[in-house]
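Enquirer: Assemble the whole structure, with the sequences as input and the hints as a guide.
Residue numbers (the numbering used here), protein chains in the order written: chain H, 1 to 477; chain R, 1 to 203.
Rather than coming from a laboratory, the hints here were simulated on the basis of the structure.
The C-beta atom is built at its ideal place from N, Cα and C for all residues, glycine as well.
Some hints could be false.
[To be verified] Computed list of lysine to aspartate or glutamate pairs in EDC-like fashion (alpha-carbon distance at most 16 Å, straight line):
id	chain 1	residue 1	chain 2	residue 2
1	H	LYS95	H	ASP428
2	H	LYS360	H	ASP435
3	R	LYS169	H	ASP32
4	R	LYS169	H	ASP440
5	H	LYS95	H	ASP32
6	H	LYS360	H	ASP428
[Claimed, not checked] Partial chain H-side listing against chain R, Cβ under 7 Å, derived:
id	residue
7	GLY65
8	LEU136
9	ALA137
10	ARG146
11	LEU164
12	GLU350
[Claimed, not checked] Residues from chain R that keep clear of chain H, each with C-beta distances beyond 10 Å, as calculated:
id	residue
13	ILE6
14	MET21
15	GLY50
16	VAL59
17	VAL66
18	VAL74
19	ALA89
20	GLU105
21	ASN131
22	THR132
23	GLY136
24	ALA149
25	ILE162
26	GLN175
27	ASP179
28	SER186
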Amino acid sequence: MTFSGALSVALPELILSVGILALLVVGAFVGDKGTRPVALGAGLVLVTSAAAACFGPQGAAFNNGFVEDQAAVFAKVVIYLVSAVGLIIAEPWLKRVNGSRFEYPILVLLAALGMGMMVSAGNLISLYIGVELQSLALYVLAAFRRDDPRASEAGLKYFILGALSSGILLYGASLIYGFAGSTRFTDIAAAVQSGAGTGLIFGLVFLICGIAFKVSAAPFHMWTPDVYEGAPTAVVAFLTAGPKLAGMVLFARALANGFPGAVEQWRQVLIAIALISMLWGAFAGLAQTNLKRLWAYSSIANVGYALVGLASGTQEGVQAMLVFMTLYIIDVTGFFACLVALSRDGRPMETFEDMAGLFKERPGVAAAMTIFSLSALGMPPFSGFWGKVYVFKAAAAANLQWLAAIGLLSSVVAAFYYLRLIKTMWFDPTRGTTDASPLDARGVAFVAAAFSFPVVMPALALIDPLSKAAASAFGLN
Amino acid sequence: MDLQAIAFYVLSAVTIGSALMVVTARNPVHSVLFLITTFFTCAGLFVMLGAEFLAMLLVVVYVGAVAVLFLFVVMMLDVDFGSLRSGFARYLPIGGVAAAVLLGEMILVASAVGDRGAAVTTHYGASPYSNTEQIGRVLYTDYIYFFEAAGMVLLVAMIGAIVLTLRHKPGIKRQVIADQTARSASNGMRIITDVKIGQGIDA
Chain H
1 MTFSGALSVA
11 LPELILSVGI
21 LALLVVGAFV
31 GDKGTRPVAL
41 GAGLVLVTSA
51 AAACFGPQGA
61 AFNNGFVEDQ
71 AAVFAKVVIY
81 LVSAVGLIIA
91 EPWLKRVNGS
101 RFEYPILVLL
111 AALGMGMMVS
121 AGNLISLYIG
131 VELQSLALYV
141 LAAFRRDDPR
151 ASEAGLKYFI
161 LGALSSGILL
171 YGASLIYGFA
181 GSTRFTDIAA
191 AVQSGAGTGL
201 IFGLVFLICG
211 IAFKVSAAPF
221 HMWTPDVYEG
231 APTAVVAFLT
241 AGPKLAGMVL
251 FARALANGFP
261 GAVEQWRQVL
271 IAIALISMLW
281 GAFAGLAQTN
291 LKRLWAYSSI
301 ANVGYALVGL
311 ASGTQEGVQA
321 MLVFMTLYII
331 DVTGFFACLV
341 ALSRDGRPME
351 TFEDMAGLFK
361 ERPGVAAAMT
371 IFSLSALGMP
381 PFSGFWGKVY
391 VFKAAAAANL
401 QWLAAIGLLS
411 SVVAAFYYLR
421 LIKTMWFDPT
431 RGTTDASPLD
441 ARGVAFVAAA
451 FSFPVVMPAL
461 ALIDPLSKAA
471 ASAFGLN
Chain R
1 MDLQAIAFYV
11 LSAVTIGSAL
21 MVVTARNPVH
31 SVLFLITTFF
41 TCAGLFVMLG
51 AEFLAMLLVV
61 VYVGAVAVLF
71 LFVVMMLDVD
81 FGSLRSGFAR
91 YLPIGGVAAA
101 VLLGEMILVA
111 SAVGDRGAAV
121 TTHYGASPYS
131 NTEQIGRVLY
141 TDYIYFFEAA
151 GMVLLVAMIG
161 AIVLTLRHKP
171 GIKRQVIADQ
181 TARSASNGMR
191 IITDVKIGQG
201 IDA
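Expert: Structure (structure tokens):
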């Protein structure tokens, strides 16, 4: 492929990179007064990149280091648009807390660039660089409010544990390189065609552990509740959405493209991780009083469900994972938008006690949060239910009925905390008035709630064929 | 025993000895100095392998920048290494288990490679280019994507460092060179007359 051909395949990333550099120069000259224009520009760059991913040419470029196929396009469009929504929530919030800095939108763009590289990775090197680019930007975002000790603590914890997980990932990658003789997924696939040897399996397990860390699957989830609790809510709304999807697609990419000959081996590991995540997310969530911690455990459980889809090791399973994650990140963005919209006497409302009687105070936001809770719980007809239908159907088709049954069981356990939140909001006596809620966060919450039901029904008619085409790009049966 | 073997044994003995001293030296400054020795001898081993570019990189980057940075950090932070080491005996069993696991893995890898060799051994044959030139040739062609992407990672590190640490403090006096050069005798000087004897001047 010619160099210009390779560049045109990487057009979304190219637009993002050039946009980042241009906005950085603008920001450096205008300063923090220019946060709004820079954020608008960043949103524009994200939407343009999503369009470029949609309509641009596909193929493998840069010696197979960069793969643009249906799966990458699907994930990129979702990731870029969700990142843009994250900016819609975050920019006005920064202004409200007097923390407007033009670097924020640029870091979001850099994280989005890293996520795009992750979902397009065709080589262990691009996998690692993508993961690092995304993670480093997220560490800085988590600690963005550096005067807030809790945010700094969250950022530091995230950084140290993230560095540890990168080490694990690299260790696995170097073992795989050593035994397969190449970092390219296509070459690794050729090396494991006749079954993977002990060394490759070792590397594969370490690689899975490293990525599981990044998507906060148990037992590699320790950082999640602390980071979610400490980091500003608007940042959490961003880092719980796109990066999770990018991590899951990276899982599918590395395992399906790199190890198609070792499906049975990686399925076992994924089944174990999915099982622990679902159960731990459900049971540990029961003891939480802080809503951000609660949704951290909820996200651990939900990553477990998505991994059930992937663990089936079939095309249907990958499709289920994509649909589930897409629907889930819309829900979770909406929920954190609600939390951003709520404050009492200038303090963010984050605990169950704060939410008491919210329905009388803010019926709209309370109704939206109710919808998100029911959806995360998997109640029909909300979007979370349809995601779970896909996942459990795929698991049952791959003879994993027992895993689907345990998933259902853990959903029932998790129902307790979702219903407790709803009960607190609707039936408990109110604790005083809340501050006026900002239009932007409320707007995002309402749109997400409307998506959760009823927009999800027609949307699924669109997502289903797209995700099917995306899943077929991985070439599993 | 030819000269090369002698050089190899000397270099590797010094590498292992000084690496041991890095972790056992009482004084942290000595530790860093031993670290620099380790890097230097490693560079020597690289030269013997014919990887002179890696050797130069090790000397320039690790000895020149990283180790000196360590030295500064050790000297400036005044960390009490004595107290850090106090748990050594207590954590020895856990550390021993971790070390044993790592040792087992290394033996596994080494024996597997020894048995079958690495999966693919690429021989470029007699190349007209030197080692450094060859690296340059693939770095900016086959690996250009990774190279540029790594540049973006470094950009994040730069932005992150500025975002998290730079503070604009108001009211700090700064040098403004334009103001200095624009100053002339007419606005920079004042001629004072009528100074009475025995009295000061109010500026």
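Enquirer: Which of the listed hints are broken here?
Expert: 1, 4, 11, 12, 20, 24 and 25
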